[in-house]
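Peer 1: Sequence:
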Amino acid sequence: MIIFIFIAFELMCDIGDVLRIYLISIVVYACFLIHIGLI
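Start counting the sequence shown at 15; every next residue gets the next number (the numbering used here).
Quick caveat, the hints were computed from the structure, so don't treat them as lab data. Check before you lean on any hint, since a few could be wrong.
Unchecked claim - Quick list of the computed label-pair ranges, beta carbon to beta carbon: (1) 52 with 16: 26 to 36 angstroms; (2) 18 with 50: 44 to 54 angstroms; (3) 40 with 18: 24 to 34 angstroms; (4) 31 with 51: 30 to 40 angstroms; (5) 37 with 17: 28 to 38 angstroms.
These figures come from a predicted structure and were not determined experimentally. Built from N, CA and C at the ideal position, the CB exists for glycine as well.
Based on the provided sequences and hints, a complete structural model is requested.
Peer 2: Right, here's the structure in full:
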């Protein structure tokens with residue numbers, strides 16, 4: 015049972031890293047568009 019909890023925790027951490035990278039890339043892209051003047 016403890017092993018399953020540990021695996022689930024690892025998966026949540028991996029998903030969290032992916033979401034963080036995704037959000038950062040969106041922010042960088044938005045700043046890039048604003049810098050160019052498209053927005």
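Peer 1: Evaluate each hint against the coordinates.
Peer 2: Results of checking the hints against the structure:
1. 52 with 16: 26 to 36 angstroms: 51 angstroms, violated
2. 18 with 50: 44 to 54 angstroms: 48 angstroms, holds
3. 40 with 18: 24 to 34 angstroms: 33 angstroms, holds
4. 31 with 51: 30 to 40 angstroms: Because 33 angstroms falls inside the window, the suggested range holds.
5. 37 with 17: 28 to 38 angstroms: 31 angstroms, holds
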